[in-house]
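Engineer: Starting from the known structure of chain A, fit chain B onto it as the hints suggest.
Residue numbers (our numbering), protein chains in the order written: chain A, 1 to 156; chain B, 1 to 156.
Quick caveat, the hints were computed from the structure, so don't treat them as lab data. Treat the hints with caution; some may be incorrect.
So the derived list for chain B, only partly shown, Cβ under 8 Å to chain A, looks like this [stated by the list, open to error]:
#1 Ile60
#2 Tyr63
#3 Leu77
Even for Gly, the Cβ is constructed at its ideal location relative to N, Cα and C.
There are 2 protein chains.
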Amino acid sequence: MSYEIERKFLVVGDFHPFVRKSLSIKQGYLSSHPERSVRVRIQDKEAFLTIKGKGNDTGITRYEWEKKIDVTEADALLRLCEPGIIEKIRYIIPVGELAFEVDEFLGDNLGLLIAEIELPSEQTTFEHPEWLGAEVTGDVRFYNAYLATNPFCKWQ
Amino acid sequence: MSYEIERKFLVVGDFHPFVRKSLSIKQGYLSSHPERSVRVRIQDKEAFLTIKGKGNDTGITRYEWEKKIDVTEADALLRLCEPGIIEKIRYIIPVGELAFEVDEFLGDNLGLLIAEIELPSEQTTFEHPEWLGAEVTGDVRFYNAYLATNPFCKWQ
Numbered sequence: 001m002s003y004e005i006e007r008k009f010l011v012v013g014d015f016h017p018f019v020r021k022s023l024s025i026k027q028g029y030l031s032s033h034p035e036r037s038v039r040v041r042i043q044d045k046e047a048f049l050t051i052k053g054k055g056n057d058t059g060i061t062r063y064e065w066e067k068k069i070d071v072t073e074a075d076a077l078l079r080l081c082e083p084g085i086i087e088k089i090r091y092i093i094p095v096g097e098l099a100f101e102v103d104e105f106l107g108d109n110l111g112l113l114i115a116e117i118e119l120p121s122e123q124t125t126f127e128h129p130e131w132l133g134a135e136v137t138g139d140v141r142f143y144n145a146y147l148a149t150n151p152f153c154k155w156q
Numbered sequence: 001m002s003y004e005i006e007r008k009f010l011v012v013g014d015f016h017p018f019v020r021k022s023l024s025i026k027q028g029y030l031s032s033h034p035e036r037s038v039r040v041r042i043q044d045k046e047a048f049l050t051i052k053g054k055g056n057d058t059g060i061t062r063y064e065w066e067k068k069i070d071v072t073e074a075d076a077l078l079r080l081c082e083p084g085i086i087e088k089i090r091y092i093i094p095v096g097e098l099a100f101e102v103d104e105f106l107g108d109n110l111g112l113l114i115a116e117i118e119l120p121s122e123q124t125t126f127e128h129p130e131w132l133g134a135e136v137t138g139d140v141r142f143y144n145a146y147l148a149t150n151p152f153c154k155w156q
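Next up, chain A with everything else stripped away, as it sits in the complex (with noise of 0.2 Å):
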């Protein structure tokens, strides 16, 4: 048992010349309810299944239950998945001790761009580089679970 304790933000810069590593993700959501989401992740040469629970008052915290899984087992079980998966390429940014990973979306996603930083508490401060923009922690719509289903092509 964990908790994910983690804030998101817009970027509004060029994150570019800091980037340490990339890597490619691919997930589905066998349940993309915000308070139950259960996502199937194939990063690289890895997968992932992940259980989140609901957001704590604050939003930055979140129950998180993860285990590795075979590759292939994912294949099979991002086809069960919801309609709607999501492809994007993560850019991993040393700030300090911590990391900002940049999410730049692909596919019915593409435009969209989140930072979000992980946390060993919900009070530890962080350096805000100057390519971020506006903090979204907690709204649901930036949950992958909800672009899922509502990509970022269809709002408004």
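Structural biologist: Coordinates of chain B only, in the frame set by chain A:
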């Protein structure tokens, strides 16, 4: 990737004299969707996460993925599940090389008894003991995922 090949029956007679073993089961659903159910089960001192796809045309075969998980993790995941936790006693009754599993439901499904038999192929024949009633294979009302949200006590 594997498939569950299973037939399901009502129970109309006394099966107790033939029981070889019994175990207690508590299970909930992170998703009760019949095309992608996600089940958390604690069975005596073991726990499993099981994902099932929809049944084929005959309703006998369903895609199934299962992983053993820690009981303490299963306990935490059960708290995330949809309302409607199922509790039942499972009785194992050998028939030749195969075995019936008779589930005696408790709580809101009290009074319901379902016998299941897992088969190596859809064509496999097996003995039908006297206590076995009508076949309900493929009838989604007898899916445990359905019973979780539509318990037997509320049936007309």
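Engineer: Give a verdict on every hint.
Structural biologist: Results for each hint:
no.	hint	result
1	Ile60	violated, 18 Å
2	Tyr63	holds, 7 Å
3	Leu77	holds, 6 Å
In this structure, only the earlier hint numbered 1 is contradicted, and the remaining ones agree with it.
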